[in-house]
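J.: Okay, here's what each chain looks like letter by letter:
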Amino acid sequence: MDAPAQKKVIIIPCSGIGKAFGSISRDATYEVTENLRKDTTQTLCLALLVSGDEESRRLVSSNKCITVDGCPLRCAEKNVKLAGGNLAGSLRVVDAYKKNRHLKPRSVTFLDPDGRQMAAALAGKIVKKVDDLLGEQ
Amino acid sequence: MTEAQKKKVGIISCSGEGCVEGTISRVATRLVLGKLRPIETVTICLPLFLAGGREEREFARDYPTITVDGCDKMCAKIATERYSGKPASSIVVADMLKNWQCPKLSSRRELNDETLAVARKVANRIAEEVDEVLKHWV
Amino acid sequence: MSEYLTTTFDKFELRVRKGFYYTKDDLWVSIENGKVKVGVSDYLQKTSGDVAFVEVAKTGSTVETGRAFGTIESAKTTVALLSPLSGRLDEANSKLTGSPELVNSDPYGEGWLVIIAPRNIEHDRASLLSADDYFKLMLEKLQSEHGKLESR
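Protein chains in written order, with the working numbering: chain X, -6 to 130; chain B, 28 to 165; chain L, 450 to 601.
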């Protein structure tokens, strides 16, 4: 009998294009899914999920999800909920900013040094949440 | 409405986290908004658009839009048609790259020099589309 | 009839609440039962970005016209809040500690900043702008704006 596929935590950033925090949500997600927890997490396109893609919907409903939003409008959280995702955590870039008030990321297109630092701090928060969730499984 | 406000084009880009073409879409769109056509263009934030953002949807309904998608799933184009109306123009980055026979691209997270050059090329193409749309829109 | 004067800039609708007074520094003033409620205009919240911190002087402090009584801070900027009148700061909006985003989402309502007991409201009112005059000032500021407002 094949072993069941390992459950992963799905991290979904808003990737909002108008603000630096949107870019930070995206970069922090990549840091986790490509580096810090690359075997136990993955990401997916929010827009693809909302468009009704079957594979995306199956992924978010059968795995625990963490959304990472760049602003208080919480688009990733809203959209994942609407798509029937198994939402286990919602993080916001502003919460990383509140703990790192000295950082003032300005650039949206390419992260500046403050943006990278904030993304790293946020990635740390995401990892903590991932580890908590995987510990529960 | 002022003349300046009249002549605006909304750019709706995917940010597809799944592939480098998504990152190229995003960067190319930002280059158009920030450098190439800053006065003539407005960004529509796709996640906000999808979540029901009133300003995003109304702008896309009342002004011409250009969608920029990374792949042939065309999420930005489909969303725009669904919630606001047919875009004036649609660009699919993956198709462009095929036509240009681009070399293997870098990771989806960071763009290396080669991929950045490709993003700039895509940005120039988007800017040309903006000019074309404005020329024909009264 | 709408309770706002509105204009559009890019995709953003910017509103000025009728019936309020305003300062040239983009604060609004509402006079209720002898007390004065103060907040930031839609224009100011939009140009400031997503507010993460709101800090104001302690309750009971004296505030003076034109002097800073607090700040709003985002990753983009820190804005000094200059008092539209002189008096005593009676109350600060406690909701803004946990939910500073109210300044952005509801600047004329739940995002109010402080309530001031005025020393001489008639004197200070003379220096304030009507909603119509502030709307014209806001249009001038938008005309001279070259950058782009952040998405909201």
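Please keep in mind that the hints were generated in silico from the structure rather than gathered at the bench.
Some clues are possibly wrong.
[Stated by the list, open to error] Below, in silico cross-link-like pairs of lysine-lysine (DSS-like), each with a Cα-Cα straight-line distance of 30 Å or less: (1) L:525 / B:34; (2) B:113 / B:62; (3) B:35 / L:544; (4) L:467 / X:91; (5) X:74 / B:113; (6) L:585 / X:118; (7) L:507 / L:525; (8) X:97 / L:473; (9) L:467 / X:122; (10) L:544 / X:71; (11) L:507 / B:35; (12) X:71 / B:131; (13) X:57 / X:71; (14) L:525 / X:97.
J.: Indicate, hint by hint, whether the structure satisfies it.
T.: Hint check:
Pair hint residue 525 of chain L plus residue 34 of chain B holds up; C-alpha atoms about 28 Å apart against a cutoff of 30 Å. Pair hint residue 113 of chain B plus residue 62 of chain B holds up; C-alpha atoms about 26 Å apart against a cutoff of 30 Å. Proximity of residue 35 of chain B to residue 544 of chain L is assessed by CA-CA distance (about 38 Å); at most 30 Å being required, the pair is judged violated. Restraint check: the Cα-Cα separation between residue 467 of chain L and residue 91 of chain X comes to about 34 Å, which exceeds 30 Å; the hinted pair is violated.
A C-alpha spacing of about 27 Å is found between residue 74 of chain X and residue 113 of chain B, which places the hinted pair at or below 30 Å, so the restraint holds. Taking the CA atoms of residue 585 of chain L and residue 118 of chain X, the gap is about 45 Å. The hint is violated against a cut of 30 Å. For a cut-off of 30 Å, the pair hint linking residue 507 of chain L to residue 525 of chain L stands: about 25 Å separates their Cα positions. Note on residue 97 of chain X and residue 473 of chain L: the hinted pairing holds, with a Cα-Cα distance of about 27 Å set against a maximum of 30 Å.
Our distance criterion of 30 Å between C-alpha atoms is broken by residue 467 of chain L and residue 122 of chain X, whose separation comes to about 46 Å. For a cut-off of 30 Å, the pair hint linking residue 544 of chain L to residue 71 of chain X stands: about 23 Å separates their Cα positions. For the proposed pair residue 507 of chain L and residue 35 of chain B, the alpha carbon gap of about 46 Å is over 30 Å, so the pair is violated. Distance check on the hinted pair: residue 71 of chain X and residue 131 of chain B sit about 36 Å apart at the alpha-carbon level, beyond 30 Å; violated.
About 15 Å separates the Cα atoms of residue 57 of chain X and residue 71 of chain X, which keeps this hinted pair within 30 Å; it holds. A hinted pair counts as satisfied when its Cα atoms are at most 30 Å apart, and residue 525 of chain L with residue 97 of chain X qualifies at roughly 7 Å.
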